[in-house]
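K.L.:
Listed below, chain by chain, are the residues.
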Amino acid sequence: MIWAILRAQFLSQRLRAGTRRAGTIFGIFTGAIFYAFWAIIALGVANYFSSPDMAGTFLPALSTGLFFAMLYWQLAPVITSGFGASIDLRKLQVYPIPHRKLFVIEVLLRLTGGAEMLLILIGATTGLILNPVFGAATRLLAATGALLFAVTNLLLATGTRSWIERLFRHSRLKEAGMLLLIVFILLPQLLLAFQVRKGTLLRLAPSQIFWPWGAAGHLMLGDGLGMATALSLFWLALAFWFGQRQFERSFHEDVARRSSNEDAAVRPSGLTERLYRAPSRFLKDPLAAMVEKELRTLFRIPRFRMVYAMSSFFGIVLYLPAMRRPRGMPSFFMENSVTLMALYGLLMLGPISYWNAFGFDRSAVQGYFSWPIRFRDALVAKNIAVAVLLIPQTVLIAIVSRAFRLPVSPRGYAEALLVILIAALYWFSMGNIISVRLPRAMDPEKMNQMSGKMQALSIWIAPLLLLPVVLAFWARAVFDNELVFAGVLLIAAIVGKVFYDVGLDSAVNAANTRREAILMELSRSEGPLSIN
Amino acid sequence: MPDLTPAIAVRDLRKVYDGKAAVDGLTLTVPRGSFFGFLGPNGAGKSTTIRMLTGLIPATSGSIELLGLPMPAQDLAIKQRIGLVPDESLLFDRLTGAEFLEFVGRMYGLPGPLAMQRAQELLELFELSNEKRKLIAEYSKGMRKRVAMAASLIHRPELFLMDEPFEGVDAVGARLMKDILLDQVSHGATIFLTSHVLEVVERLCDHAAIINEGRIAAEVNMRELRAGSETLEDLFVRLVAGERGAGREFEKLEWLG
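Chains A and B are the protein sequences, given in the same order.
Start counting the first sequence at 865; every next residue gets the next number (this note's numbering).
Start counting the second sequence at 4; every next residue gets the next number (this note's numbering).
Accuracy of the hints is not assured; some may be wrong.
Stated by the list, open to error - Straight line, CA to CA, 30 angstroms or less: simulated BS3-like cross-link-like pairs of lysine-lysine:
#, chain 1, residue 1, chain 2, residue 2
1, B, K23, A, K1148
2, A, K1361, A, K1148
3, B, K181, B, K137
4, B, K181, B, K135
5, A, K1148, B, K135
Bear in mind the hints are in silico, worked out from the structure with no lab data behind them.
Can you build the whole structure from these sequences, using the hints too?
P.N.:
Right, here's the structure in full:
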């Protein structure tokens, strides 16, 4: 049965690969670089844990390492909104497949959301096994502990994914749940920001055996064996219960849903309606109508709302190292916190908006080719809509920054807004080209499906595009002169406008020649698995 | 003075995919004010033809004139005057029916208030006003088709290009849609539609063409057909299934018996 599902998936993906060979090769290339990077780190980890001289430091190092591995494994998919591959229950629930088997597949698919951490774990385990200090029993325990830890993570990730996906499929009130998750994720930063006592922090240290990573670390080193084993099994059982329960709930909800969806009816209020119609005050149709349509559409997509909220809050995660700096010592990261967080926010919005501008339109994209409008206007409208959304996003980021005691002044806020609007020119330009060259249909109700290629582009190309903006900050640092900064930023803005226009022309030309391929790609449905 | 150019004039139209012709030298003339049925088996090239007519995909060779204007040279002027109900959904799922209709009206250049007013009237006409706050994502297939047809009407087009407009629509909805289309024809509009339901074409259309393997297999004057002994289905099966050898092939599968 598993093979039948995988074969159906392969056959579904075959045509996609055939029609976009260049994109596929690019994806494989960037994927290879990405995993090579993690493989090198894993080798370093293996080298460290195979060193007999370092054995005294293994427990805190391993526990802390496992803590970060678990944090990454569980949170990276949430933060990047890329949950890896998953079962599309809507396609499989009609067949008489036992839930248990689907659950096992789903758990195994979670490997796609954190394969890099598996590499690190393998590195650590290999190092311990090769270390001559340890005997055969410890080597066996190292492998067992690592296996238990990996399975715990897979089960937990299965539950988290199911829970979050369900959460954002429904009413907006449940987004409060997401806020709780954010607070949980930000807990370490909160503890640091509010200067909790050292003693308290030590009692919560990662090497404490009661944590799942602590228990795994103790077990892998054969330290406190009985307690470590019991706690590791406890965490495993808890993760199994959570994962299976959330998966089952998603399964039953998918079966029963759609009869009365609480999100189905729009409750127009005077204020939101006025906000949606605001573009008509400044723009003419058809541009105004398209911007209005974009704003309505984006804010009705749970997945967009979640990423938008995360992009406003998660930037603070980047500030853990900066916030540990002694007070009174200015740093580049502290001084430009709002700007950097706003850039991170804009980058996060990319894959679900300007990097794949027609993803949510799906087959309706043909309207832009069928109605008596210029395709150029459709792209510009989509860019304007995202630019409009950047303003409240930057305000939110500034508020979050204040809450975390980061320095934010009105001038800093204005500078951040200006910088991200200039950065947006570069990213929108490239995004427009990618939107017509690598279009991909997106399901508004799913949290996964962010293309690996999109992520690769975000990681590799997006920062490079910002070189002119970076130059402005470099000039300010070197010359210590605000006028120089403003001058270079102005040049970056002018170059950005030219870059945007050239990108727009290129995208429009590509759309005209590729309209058939675009429509085919956006009308395509996925196989039984949703691939990230 | 009435315009005597045909609503649709297609000459030697070809569309080739990977060396295989989906549409192979299609020549067709659709007179103005006619209700034209475009029939064919699955994969015959109907949707490809409609997509070329709307400018959605380019033709490999051949020429297209709609309402006397060449496509794609004057595509914006043509698009302004046609109404489209495509096979793939042209609906934005996260808008309500009213919002979508208003949006489409504005795409065709209607002033906002007029587009809004027509959107409300069309929703009532298509019996969707009770659902006007519901997102299109929640609409049934029939409701989606009704909204799509309402959208094709909002700017009073002269030519309608419709791909399976009645598919998934219940009998009441289909009757309403047929009445509206007949009324449009009586007011001078031209309808070009594809349908798998031959009875619909037989009853509504005054002209039809049967396409098979990318070529026109027959052009039919429905008045003459009705006067004869052969039904449209007989003609269709003779022209299409005769070549494909349809029969009681299922009887060979013993396990199915």
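K.L.:
Would you mind marking each hint as holding or not holding in the structure?
P.N.:
Now the hints, each set against the structure:
1. B:K23 to A:K1148: Violated: K23 of chain B and K1148 of chain A sit about 44 angstroms apart, past 30 angstroms.
2. A:K1361 to A:K1148: At roughly 21 angstroms apart (the allowed maximum being 30 angstroms), K1148 of chain A and K1361 of chain A satisfy the hint.
3. B:K181 to B:K137: 25 angstroms, holds
4. B:K181 to B:K135: Roughly 23 angstroms between the alpha carbons, so the hint for K181 of chain B and K135 of chain B holds.
5. A:K1148 to B:K135: Measuring from Cα to Cα gives roughly 25 angstroms; hence the hint holds.
Of the numbered hints stated above, the single one contradicted by the structure is hint 1.
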